[in-house]
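Student: All chains should be built: construct the whole structure from the sequences, respecting the hints.
What follows is each chain in one-letter form.
There are 4 protein chains.
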Amino acid sequence: MMKPIYLIFVLMSLFLINSACFAQIPILNTYDSPFPKVVAPGVISQDNGVAAPSDAVSLFDGKDLSEWTGKNGNPQWAVHDGMFTVANGTGDISTKKEFSDFQLHIEFMHPSDITGEGQMRGNSGVFLQGLYEIQVLETYNNENKTYVNGQAGAIYRQHPPLVNPLKKPGEWNAYDIIFTAPTFNADKTYRTNPRVTMLLNGILIQNNAVIYGCTTDEKIFDKLKGGIKLQDHGCVVNYRNVWVREL
Amino acid sequence: MMKPIYLIFVLMSLFLINSACFAQIPILNTYDSPFPKVVAPGVISQDNGVAAPSDAVSLFDGKDLSEWTGKNGNPQWAVHDGMFTVANGTGDISTKKEFSDFQLHIEFMHPSDITGEGQMRGNSGVFLQGLYEIQVLETYNNENKTYVNGQAGAIYRQHPPLVNPLKKPGEWNAYDIIFTAPTFNADKTYRTNPRVTMLLNGILIQNNAVIYGCTTDEKIFDKLKGGIKLQDHGCVVNYRNVWVREL
Amino acid sequence: MMKPIYLIFVLMSLFLINSACFAQIPILNTYDSPFPKVVAPGVISQDNGVAAPSDAVSLFDGKDLSEWTGKNGNPQWAVHDGMFTVANGTGDISTKKEFSDFQLHIEFMHPSDITGEGQMRGNSGVFLQGLYEIQVLETYNNENKTYVNGQAGAIYRQHPPLVNPLKKPGEWNAYDIIFTAPTFNADKTYRTNPRVTMLLNGILIQNNAVIYGCTTDEKIFDKLKGGIKLQDHGCVVNYRNVWVREL
Amino acid sequence: MMKPIYLIFVLMSLFLINSACFAQIPILNTYDSPFPKVVAPGVISQDNGVAAPSDAVSLFDGKDLSEWTGKNGNPQWAVHDGMFTVANGTGDISTKKEFSDFQLHIEFMHPSDITGEGQMRGNSGVFLQGLYEIQVLETYNNENKTYVNGQAGAIYRQHPPLVNPLKKPGEWNAYDIIFTAPTFNADKTYRTNPRVTMLLNGILIQNNAVIYGCTTDEKIFDKLKGGIKLQDHGCVVNYRNVWVREL
Numbered sequence: 012m013m014k015p016i017y018l019i020f021v022l023m024s025l026f027l028i029n030s031a032c033f034a035q036i037p038i039l040n041t042y043d044s045p046f047p048k049v050v051a052p053g054v055i056s057q058d059n060g061v062a063a064p065s066d067a068v069s070l071f072d073g074k075d076l077s078e079w080t081g082k083n084g085n086p087q088w089a090v091h092d093g094m095f096t097v098a099n100g101t102g103d104i105s106t107k108k109e110f111s112d113f114q115l116h117i118e119f120m121h122p123s124d125i126t127g128e129g130q131m132r133g134n135s136g137v138f139l140q141g142l143y144e145i146q147v148l149e150t151y152n153n154e155n156k157t158y159v160n161g162q163a164g165a166i167y168r169q170h171p172p173l174v175n176p177l178k179k180p181g182e183w184n185a186y187d188i189i190f191t192a193p194t195f196n197a198d199k200t201y202r203t204n205p206r207v208t209m210l211l212n213g214i215l216i217q218n219n220a221v222i223y224g225c226t227t228d229e230k231i232f233d234k235l236k237g238g239i240k241l242q243d244h245g246c247v248v249n250y251r252n253v254w255v256r257e258l
Numbered sequence: 012m013m014k015p016i017y018l019i020f021v022l023m024s025l026f027l028i029n030s031a032c033f034a035q036i037p038i039l040n041t042y043d044s045p046f047p048k049v050v051a052p053g054v055i056s057q058d059n060g061v062a063a064p065s066d067a068v069s070l071f072d073g074k075d076l077s078e079w080t081g082k083n084g085n086p087q088w089a090v091h092d093g094m095f096t097v098a099n100g101t102g103d104i105s106t107k108k109e110f111s112d113f114q115l116h117i118e119f120m121h122p123s124d125i126t127g128e129g130q131m132r133g134n135s136g137v138f139l140q141g142l143y144e145i146q147v148l149e150t151y152n153n154e155n156k157t158y159v160n161g162q163a164g165a166i167y168r169q170h171p172p173l174v175n176p177l178k179k180p181g182e183w184n185a186y187d188i189i190f191t192a193p194t195f196n197a198d199k200t201y202r203t204n205p206r207v208t209m210l211l212n213g214i215l216i217q218n219n220a221v222i223y224g225c226t227t228d229e230k231i232f233d234k235l236k237g238g239i240k241l242q243d244h245g246c247v248v249n250y251r252n253v254w255v256r257e258l
Numbered sequence: 012m013m014k015p016i017y018l019i020f021v022l023m024s025l026f027l028i029n030s031a032c033f034a035q036i037p038i039l040n041t042y043d044s045p046f047p048k049v050v051a052p053g054v055i056s057q058d059n060g061v062a063a064p065s066d067a068v069s070l071f072d073g074k075d076l077s078e079w080t081g082k083n084g085n086p087q088w089a090v091h092d093g094m095f096t097v098a099n100g101t102g103d104i105s106t107k108k109e110f111s112d113f114q115l116h117i118e119f120m121h122p123s124d125i126t127g128e129g130q131m132r133g134n135s136g137v138f139l140q141g142l143y144e145i146q147v148l149e150t151y152n153n154e155n156k157t158y159v160n161g162q163a164g165a166i167y168r169q170h171p172p173l174v175n176p177l178k179k180p181g182e183w184n185a186y187d188i189i190f191t192a193p194t195f196n197a198d199k200t201y202r203t204n205p206r207v208t209m210l211l212n213g214i215l216i217q218n219n220a221v222i223y224g225c226t227t228d229e230k231i232f233d234k235l236k237g238g239i240k241l242q243d244h245g246c247v248v249n250y251r252n253v254w255v256r257e258l
Numbered sequence: 012m013m014k015p016i017y018l019i020f021v022l023m024s025l026f027l028i029n030s031a032c033f034a035q036i037p038i039l040n041t042y043d044s045p046f047p048k049v050v051a052p053g054v055i056s057q058d059n060g061v062a063a064p065s066d067a068v069s070l071f072d073g074k075d076l077s078e079w080t081g082k083n084g085n086p087q088w089a090v091h092d093g094m095f096t097v098a099n100g101t102g103d104i105s106t107k108k109e110f111s112d113f114q115l116h117i118e119f120m121h122p123s124d125i126t127g128e129g130q131m132r133g134n135s136g137v138f139l140q141g142l143y144e145i146q147v148l149e150t151y152n153n154e155n156k157t158y159v160n161g162q163a164g165a166i167y168r169q170h171p172p173l174v175n176p177l178k179k180p181g182e183w184n185a186y187d188i189i190f191t192a193p194t195f196n197a198d199k200t201y202r203t204n205p206r207v208t209m210l211l212n213g214i215l216i217q218n219n220a221v222i223y224g225c226t227t228d229e230k231i232f233d234k235l236k237g238g239i240k241l242q243d244h245g246c247v248v249n250y251r252n253v254w255v256r257e258l
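Chains as they are written, first to last, in this note's numbering: chain A, 12 to 258; chain L, 12 to 258; chain C, 12 to 258; chain B, 12 to 258.
Simulated from the structure, these hints should not be mistaken for laboratory data. Take these hints with a grain of salt, some might be off.
Heads up, the list lumps identical chains together, so a pair's fine if it works in one copy or across two of them.
Said to hold, decoys possible - Simulated crosslink set (DSS-like; lysine-lysine; CA at most 27 Å straight-line): (1) Lys108 / Lys48; (2) Lys48 / Lys82; (3) Lys82 / Lys178; (4) Lys74 / Lys48; (5) Lys234 / Lys107; (6) Lys74 / Lys107; (7) Lys234 / Lys199; (8) Lys178 / Lys107; (9) Lys236 / Lys178.
Tutor: So this is what it looks like as structure tokens:
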């Protein structure tokens, strides 16, 4: 099949498929409906969040970012009040440790005086193995209109969340992310795709979803382990209680 | 292959394969190792537990068992102090509503003065669609020795929990169970097996585990929906905060 | 994440996401490497091909296209010599019967005097349930350069074949396609994706591949059954020995 | 759950769970219905069978068993007429090469003067990675009564074939077996189970079936590669055209 309407699309795409990552999967596009249903989660403790269990690797203990590296060494993001905050313009930060299969807990809060619209409203992201972005965005109650596979809880540009249980700005949200790492063939294509099951505020939003490929322009693709990367997208987002259990 | 050692085993089994359910899968056996690692979960609120989100079907609101039926009509299990307790000898109870794919939250607590050993220590069970038992047993810290695929958090006689994050008697535990219902072929065999992902006290204990077949002697097998059944196994177990989200 | 380079891409895509089908998945793009390895299959009988087994629905018995419909009723494709041939400009043809899960056997041959290049060299396609295209193209020995997920044996614009065992023009090829139909959620999104395992000339070329979504602009998307559609893409392609076993 | 009827069963099983393999899965039992539907495959060439494709490892070229080892070194099975035959009492034979994921083609024929009943009628077996038995048995037309998960085409004691397309004694049958090797956790439990898709005489008989665990008493369990083993079960079975493609 090769419809004329695709021709210009294919031409455009030539500019985009220059990275090793894009050799693995087709480029993915956004779509705008249907919206996930809005769900109010049950009462979630706003005090201290969920502490790390005994077998977890703590990635933030409320005091420092010693488990992380930034663009030029130590991260320049701000640590305060038991949380840390994206310092816009200082770049993404990544964990020093790398992981294969894991359960990741991470809490995030948008400021109550948030401004901006669409993808510029509270945008950040949690990159699993540095490659697969779980979107962070302020999309409480579906009020901030954007493409549904770019909402909070989406596997970026791939799967929208099943429902939308996000809490409003000024309140903490918790991601519990179960990641199954991919395995690879000799030619670096997937033998088995990565998969994600995920809760947001205790509500299932991804159910063993197949990740089609990386959502970034990362060049090294077929690695078995990778760090957790948090994105500086020019928006203010707060994080706390970050821990990983290796599976 | 047909080794002599199996002969008496096969003969014995003739007594066991008389139900419709066992036509679907081989009978499953117990095994005793390896033990799941003990994990202490982070601090879990012991006050009120996790309330139902806005899109959930509440199966127990702390006041009555009106969503359930017992052996002879209304359940005779005791409701008190915002919880309900197995009344030994009065039989299992089941929800009136039936479900296909769902997320189930249910909290349980063994009494602090618990006695008994092995499968007679705090035994109950949560039967998904009335057919697939998630074991409830007092196996805190792996101290109560029993077969590992019969521990708390096991898919009974099939999959042990990945780790053991159970809390000690007198403290509440929470199951968060994501169930994917099976689909069936015309001859009532599975087209796709049921699957379970499951957290115990926020810790992953089953990760998209394939359920091989029903764990009961239920006769009606290929149903698309079924209730949640709680087992009276002659032990005292308390439950609260039971809710289901249909997926 | 929203890099500037994507902006024009997203704008372009607005023209493409107007169908119901594209609401299900992102638009997919082509990619050009790595090429599947060329494999010469063992000796395949060129005489009569593989006859239908006893439980199959025969879709072409060598004599007529009575199991098919065309754009305006009876297909206008030519039946001759125990085979049938695309009549360019007369449109696609579809089976009258519809199928859910199935094993499909279909043989195809490009003429030995074939001309054309890229997607215009021997292009046709087998659309499973009318929605998911298995590409037919003359790409013997990888000599006809085109995007790899548009080769013969590709799930069109999604998965390239694992290897390339195509025979040269003038020789018959056989597809054996095992299709697992999708199941759907209430909002018409996939509950489980369709999957394909596939042999070309006895060689595995797709191994339980996840189909991301339909490859067509079909409007009715969430149907449980669908016919087999063969494409008139303006190229001469011969078919014979078409049969389906419902699973 | 612990019904009295299981007690003697559990006691019996204590004798059976002494191998490393049985720690991985429950012991599996046989069952007797429903029978797979009998299917007559299309005409299959009985002359030379299916030769190896260009990328295959040939495991039998019609002349010798140099790719195999037996109980005491070189196999003592008989090579004659382009085939080889089980020499009863000389033990199983295994390939020298080991494999991970693969496509295996193997043809087998029971003698036309076959005698015996049940599991003693033409019993042999193809052990994938030496651990997972694909049953070989003379069960043409379901006439030789045995448990259905012990028929030809069964994953032994686990999955019966979907249908029964076996040819009668004196005619060649062909297995085309697509094996996906398991991956393992640190504690030697499965991270992902092995899976099998399989054709018998061109007819699908296993569709991405999950293998629950090994079907043998092999002690070394968590290996990533393993040979193909053919079983001497005291019955006369002929084999030819054995080749493997590594995936």
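Student: For every hint, state whether the structure bears it out.
Tutor: Verification of the supplied hints:
no.: 1; hint: Lys108 / Lys48; result: between (36 Å within a copy, 22 Å between copies)
no.: 2; hint: Lys48 / Lys82; result: neither (38 Å within a copy, 37 Å between copies)
no.: 3; hint: Lys82 / Lys178; result: neither (31 Å within a copy, 42 Å between copies)
no.: 4; hint: Lys74 / Lys48; result: neither (37 Å within a copy, 29 Å between copies)
no.: 5; hint: Lys234 / Lys107; result: within (15 Å within a copy, 31 Å between copies)
no.: 6; hint: Lys74 / Lys107; result: within (17 Å within a copy, 50 Å between copies)
no.: 7; hint: Lys234 / Lys199; result: both (9 Å within a copy, 22 Å between copies)
no.: 8; hint: Lys178 / Lys107; result: neither (30 Å within a copy, 32 Å between copies)
no.: 9; hint: Lys236 / Lys178; result: neither (32 Å within a copy, 32 Å between copies)
Hint violations for this structure: numbers 2, 3, 4, 8, 9, all remaining hints satisfied.
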